[in-house]
Amino acid sequence: MGFFSGPIHDAHTHLGEGTWYSLSPDELILSMDQNGVVGAVICPSDRALAYHFKEGNDCLLDAAQKHPGRFFPFLTASPWAPEEGLDYLQKAVSRGGVYGLKFNTTLTGCSISDPKLNPFVEFAQSHDLPIYFHTGTPIFSLPTQLMQLARRFPKVKFIMGHLGSCDFWMDGVPVAAATPNIYVETSFFGIAPMLRRVITEVGAERVLFGSDVPICSYPLEIGKFGSLDLDPETEARIFGRNLLSLLRRA
Amino acid sequence: MIMDCHTHIAQSQLPNFQHMNMEPEQFASHLSARGIGKALVFPYDSLFNGRNYSEANDELAAFCARVPTMLIPYGSVNPSHGAAALDELTRMIQDLGFKGIKLHPWIQAFSFLANEYMDPFLQEVRRLHVPIIMHDGTPPYCTPSQYAYQAERYPQTTFVLGHAGLKDFWPESMQVALDHKNVMLNLNATFLGVQHIVQKLGGDRIVWGSDFPFGGVEVVDYWLGHILQLPVAEEVKDKILWRNGQVLLEGGL
Numbered sequence: 001m002g003f004f005s006g007p008i009h010d011a012h013t014h015l016g017e018g019t020w021y022s023l024s025p026d027e028l029i030l031s032m033d034q035n036g037v038v039g040a041v042i043c044p045s046d047r048a049l050a051y052h053f054k055e056g057n058d059c060l061l062d063a064a065q066k067h068p069g070r071f072f073p074f075l076t077a078s079p080w081a082p083e084e085g086l087d088y089l090q091k092a093v094s095r096g097g098v099y100g101l102k103f104n105t106t107l108t109g110c111s112i113s114d115p116k117l118n119p120f121v122e123f124a125q126s127h128d129l130p131i132y133f134h135t136g137t138p139i140f141s142l143p144t145q146l147m148q149l150a151r152r153f154p155k156v157k158f159i160m161g162h163l164g165s166c167d168f169w170m171d172g173v174p175v176a177a178a179t180p181n182i183y184v185e186t187s188f189f190g191i192a193p194m195l196r197r198v199i200t201e202v203g204a205e206r207v208l209f210g211s212d213v214p215i216c217s218y219p220l221e222i223g224k225f226g227s228l229d230l231d232p233e234t235e236a237r238i239f240g241r242n243l244l245s246l247l248r249r250a
Numbered sequence: 251m252i253m254d255c256h257t258h259i260a261q262s263q264l265p266n267f268q269h270m271n272m273e274p275e276q277f278a279s280h281l282s283a284r285g286i287g288k289a290l291v292f293p294y295d296s297l298f299n300g301r302n303y304s305e306a307n308d309e310l311a312a313f314c315a316r317v318p319t320m321l322i323p324y325g326s327v328n329p330s331h332g333a334a335a336l337d338e339l340t341r342m343i344q345d346l347g348f349k350g351i352k353l354h355p356w357i358q359a360f361s362f363l364a365n366e367y368m369d370p371f372l373q374e375v376r377r378l379h380v381p382i383i384m385h386d387g388t389p390p391y392c393t394p395s396q397y398a399y400q401a402e403r404y405p406q407t408t409f410v411l412g413h414a415g416l417k418d419f420w421p422e423s424m425q426v427a428l429d430h431k432n433v434m435l436n437l438n439a440t441f442l443g444v445q446h447i448v449q450k451l452g453g454d455r456i457v458w459g460s461d462f463p464f465g466g467v468e469v470v471d472y473w474l475g476h477i478l479q480l481p482v483a484e485e486v487k488d489k490i491l492w493r494n495g496q497v498l499l500e501g502g503l
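Protein chains in written order, with this note's numbering: chain A, 1 to 250; chain B, 251 to 503.
Just so you know, the hints here were simulated from the structure itself, not pulled from any lab data.
Ideal Cβ placement from N, Cα and C applies to all residues, glycine included.
Incorrect hints may have been included.
Stated by the list, open to error - Between beta-carbon pairs, the in silico distance windows are:
{"hint": "1", "chain 1": "B", "residue 1": "HIS446", "chain 2": "A", "residue 2": "ASP231", "range": "37 to 43 Å"}
{"hint": "2", "chain 1": "B", "residue 1": "ARG377", "chain 2": "A", "residue 2": "PRO82", "range": "57 to 63 Å"}
{"hint": "3", "chain 1": "B", "residue 1": "SER395", "chain 2": "A", "residue 2": "LEU30", "range": "35 to 41 Å"}
The shape of chain A in the complex, shown without the other chains (with noise of 0.2 Å):
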């Protein structure tokens, strides 16, 4: 921690009230603010990841607006009502604030591979938004399943979560490395060995610093990086300037 001194800009962050915490926008802007980073992706809860869509979709968009340039909100959807979730995303998009959309498939029970999530990365790519996927999951949630899809959609930037991590550690650089529209995000990933070979293999343009705040915390998800003797060019890659070119903030 303090090894990196530039503003970071975090890939993957829950806001709102989930099943093991409650975090409201101005204790993750306290938190942001305590540990130099400046923007953040703000995903839904676990509980609106699963069934209140709209509402977990809404507590971001209210975020994002009180906090003006501080977050990015992926929004989330069921793979199983794509005309009423679809509706709910073209709406948002038309008033502006939407960054990308985000799929926790084990939370939704469909692979990552389902074409029931057809839909959504088509309207995806006609918006140009990032999809970030929840990785590393059993049954559902595979590295190899997203790139089964991103093999499907090569037009669009999917975003690996947690790098397959737990057990899946040894397919994500792989899954990655074979798959050019796919960038990874390390959050809980603290194989350090393997962060190395994602950086040289996979490629430091697409590799994204994720914290999963609230479930992990700042501190170790950003120390860990401290160790790897990174040059500075490739840090400021990693914490953040990859994203804001994905979200096309650059």
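Let chain A serve as the given structure and place chain B on it in line with the hints.
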């Protein structure tokens, strides 16, 4: 003082784990530089490739004997190997003086619920009065509730969930520890999970371990940070990092 309740022998011949290799003295110095005074050391390659467990346990004994004040061997066998597993289990505890057992059902490819071999195995474990630490947090063979099944049937044996459920199973691991007083948790959950578990169990039956040298020396700092940054009294941290682990050197709870 800190006790690391989850490390592996730093000698791997597997092509994708070459980063782990180092001499025992260097292994110990990485740990002692972080305030760790004792470490439970488990095998590594034998868990994956099922090769001769006696040979692997002998290697583990030799590795730990180079720094005997600090490194404490926990050997492994594969319970599905039947009589051969029982012989080696008895040998490593009684002849080699190992203090406990490490199992990793998914990479060793056996089911913790297959009573045809688990009953003879767990009966011998009970007779030898040593703890078992298991990898947990990942399906299909290593989920907390699967361990709870045997913890209920063998209440005199101490079962340590080696990762407290990791990212996805920490609520289940917490519930298993609440339900079964012979279960301990080695904390490698998310920071959120660590906070809930420590609060719910009041700091009891919780130990700490790093998985070093898997993941490099950086994992020690990463996982140690999960305890050091906890917003709890120093006394609770001392229990987790040192005092609670002492029972694992004396046969368990």
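Okay, which hints does this one fail, numbers in order?
Nothing - there is no hint that the structure violates, so all of them hold.
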